[in-house]
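Colleague: Residue numbers (numbering that gives the first Met the number 0), protein chains in the order written: chain W, 0 to 146; chain C, 0 to 234.
No wet-lab data here; the hints were simulated from the structure.
Mixed in with the good hints there might be a few duds.
Listed next, the stretches of chain W that the computed footprint assigns to chain C, with coverage defined by at least 3 CB atoms under 8 Å from CB atoms of chain C [claimed, not checked]:
#1 17 to 30
#2 123 to 137
A short list of chain W residues far from chain C (calculated; beta carbon distances all over 10 Å) [as the list claims (entries may be wrong)]:
#3 Tyr3
#4 Val41
#5 Val54
#6 Ile77
Built from N, CA and C at the ideal position, the CB exists for glycine as well.
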Amino acid sequence: MNDYDDVDILLVEDSDSDAEMTQRALKKANIVNRLYWARDGVEALDFIHCRGAFVERDSHHMPKVLLLDLKMPRLDGIDVLRELKSEPETRAIPVVIMTSSNQDRDIEECYRLGVNGYVTKPVQAAAFSEAIASIGLYWLTVNEVQR
Amino acid sequence: MNGARVASAALQQPDTELDRLTYAVSHDLRAPVRAVLGYTAVLDEDYGTHLDEEGRRLLAIVSREAQRTLSMIDALLELSRIGRYDAVVEPLDMMSIVHEVANELAIVPIPCINALPEARGDRSLIRRVWLEVLANARIATRARSTPSIIVWATQEADRVAYHVKDNGIGFDMKYREKLFAIFQKLHHDRDFPGLGSGLAAVKQIVCRHGGEAWAEGRAGEGATFSFALPTRSAP
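Chain C on its own, in the form it takes in the complex (with noise of 0.2 Å):
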């Protein structure tokens, strides 16, 4: 099958009915967030002068809060998309994913990337992995004197294990349950910026692939982000 394209059914196929109710409401929901902030600009536009420095920020608030909201909703929208994309299963030269991504995201220093055996999947959803995956240890490691990101894989029995190590902020291995789902944060936003979607999508794509996805880590000491794909297309 090597360089030849298989049917999409290949992949897991999501929870349809839930995910149908997930981009119902997503996008149902944008329409009056779309408004407050409408409203909120009007605001500000006509009568913005007419208000003192507080009711100023106060107006300021009920924006970010409005534009909060719909970035939230926006990544709703945007996980639900991941289950109901028409996914192609294709071989897949990791090295150059990595490659690719890593100088997208402009990562000084360059992570260390050993040798990364090919896999099977959907290239941009995987491509969608390494981009959160190496975004989040870039975020882990901004603080860092001498940041190090270091890029390998494992061979194992039926799949092959992909992992990305940092010496960055780290986590308690208390509260690795609430990584990879959505909204949940271990850091507050100035140490971690970011909705907390990226790693639900990480999970939603890995698990659409049949694979898996987890974390090590401990609390100012690094982290390691994993996941492992299947080295045959799920049944």
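So here's chain W without its partners, still in its complex pose (with noise of 0.2 Å):
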């Protein structure tokens, strides 16, 4: 087992300040589960599929949930969103997409690529917290995922 092997929460994030903004709400709403932080799509995807700097990652535990950035340098997050949805074996992996972009346009496309939850980061800091709590508990403690 190495350190990625029980990563439950893979937050996808360019961003230093939000990256530091959830990991500090999980950790108010007392969700300790093990997260991973990709900075880029590039990274998310070899996290998943267990590439470059992941190769000796166990490809049988996969992350409880995504939480998916949109506009991201290299990869973005539609590109990602859309590569795991259309494989078999990624299909099932809750991805909640966290974005500053609230555009019809972005929200309805990841709806058709099969986005499981789309959030709009909220700009007021207790309102990001608590919308992060409430994605974390959701998905690291209501929902079941496929085994």
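Two chains, two separate frames, one set of hints: put the complex together.
Modeller: This is the structure we're talking about:
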């Protein structure tokens, strides 16, 4: 077993501050599940597919939820979502989009691709913490994942 | 064409390059401002008790100004959205729209609304115009002991002009060019709160419809805001 094998939350976020705020909010809500922070879509897909730096990761263990930003360098969130939802072995991984975009076309495209949730990052810090805590609680404790 | 919808191409297309730029800048600018707000809240939460009154006052200013910046960015985004919005031109019952908006704004006393001819335009955009113009009149008259708002229309050769007259704080005609420009205000916040983006939205919407928006007034003696829409769809 290596460091990546027991990851429950895969956070895919290019913004240091949003990543820090997300981790802080989860901690405050006593959600202490293992989180791995991927800085862009390429790293996220490498993680899921056990490639590159994650070649030794146990491919049978998948995160319980992917918190995915939309706009990122290299490969963005839509591309990650498209790839995950088009492959039978990754289709069941819950993906929640966390973005600053509330553009109708982004929301429509994500649902068309099969996203499990779409959340516009709240501006106010307290609302942001609450949103992250609710998402964390639901996907990590309430929701049953495919085994 | 009565009752039939026509293609959105009937509305004038905005300057798309400029519009895309505004959208991109506004969208990307939100992230760092959100970060300032987020870290300010964290600082307050974790270290607020270590600060004295002056320290907390300064922190509150940082937070308030960041919030204001964000509101301005959102207003820019909103303006950009109006330009990109896929509008649908249809016949509009202006009487019902104005009654609906006046009701929504809960203006007291109820504005005097005269007969208004039908117009052609996108319902949600034109509704927004009425919302801004009537909200403006409500704020302008809020300090008056007997506020009055009158709505009427005039039929011109190839267009209908709609007018909203109030007996509010008015404005100096010498600055009227600034009225419809974004973030330009003719009054201080204490007299007229807001960012100064509502009338910019009005102008953008009316221009998209091939129309025109203008205002007349005198400082301290009320104002009349008007907009005209072509009776035929823009080519």
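Colleague: Please name the hints from earlier in the document that this structure breaks, with their numbers sorted from lowest to highest.
Modeller: Of the numbered hints, all hold.
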